[in-house]
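Per the working numbering, residue 38 is the first one in the sequence shown, and the count goes up by one each step.
All clues given are correct.
Per label pair, the in silico range of CB-to-CB distance:
#1 Gly49 with Asp100: 35 to 43 Å
#2 Gly49 with Phe98: 32 to 40 Å
#3 Asp107 with Ser65: 14 to 22 Å
#4 Glu96 with Val42: 18 to 26 Å
#5 Ser84 with Thr54: 13 to 21 Å
Note that these hints are calculated values from the structure, not bench results.
Quick reminder that beta carbons are idealized off the backbone N, C-alpha and C, glycines included.
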Amino acid sequence: MLLGVGLDNQDGHKRITKGDNFCLVGGSEETHESMTETAVKFNEKLSRKGKTLDDLSREEFLDMMQEASDH
Numbered sequence: 038m039l040l041g042v043g044l045d046n047q048d049g050h051k052r053i054t055k056g057d058n059f060c061l062v063g064g065s066e067e068t069h070e071s072m073t074e075t076a077v078k079f080n081e082k083l084s085r086k087g088k089t090l091d092d093l094s095r096e097e098f099l100d101m102m103q104e105a106s107d108h
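I would like the entire structure built from these sequences, with the hints used as guidance.
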């Protein structure tokens with residue numbers, strides 16, 4: 038399970054997004070949107086490879102996360 042925590046919330050809104058393999062909490066609207074986009078892209082890459090989080094080596098995980106966060 039991926040856990041994303043945004044700490045820059047100043048507007049008082051409570052943001053929580055759950056999906057396959059991830060749970061995202063907090064953050065400003067912009068930060069939460071960015072975390073969501075990264076998590077969705079990561080899951081798409083994982084699915085295309087036919088793997089689960091448990092199947093990934095540390096290196097594979099880091100490479101895929103870097104690719105997913107390049108937006």
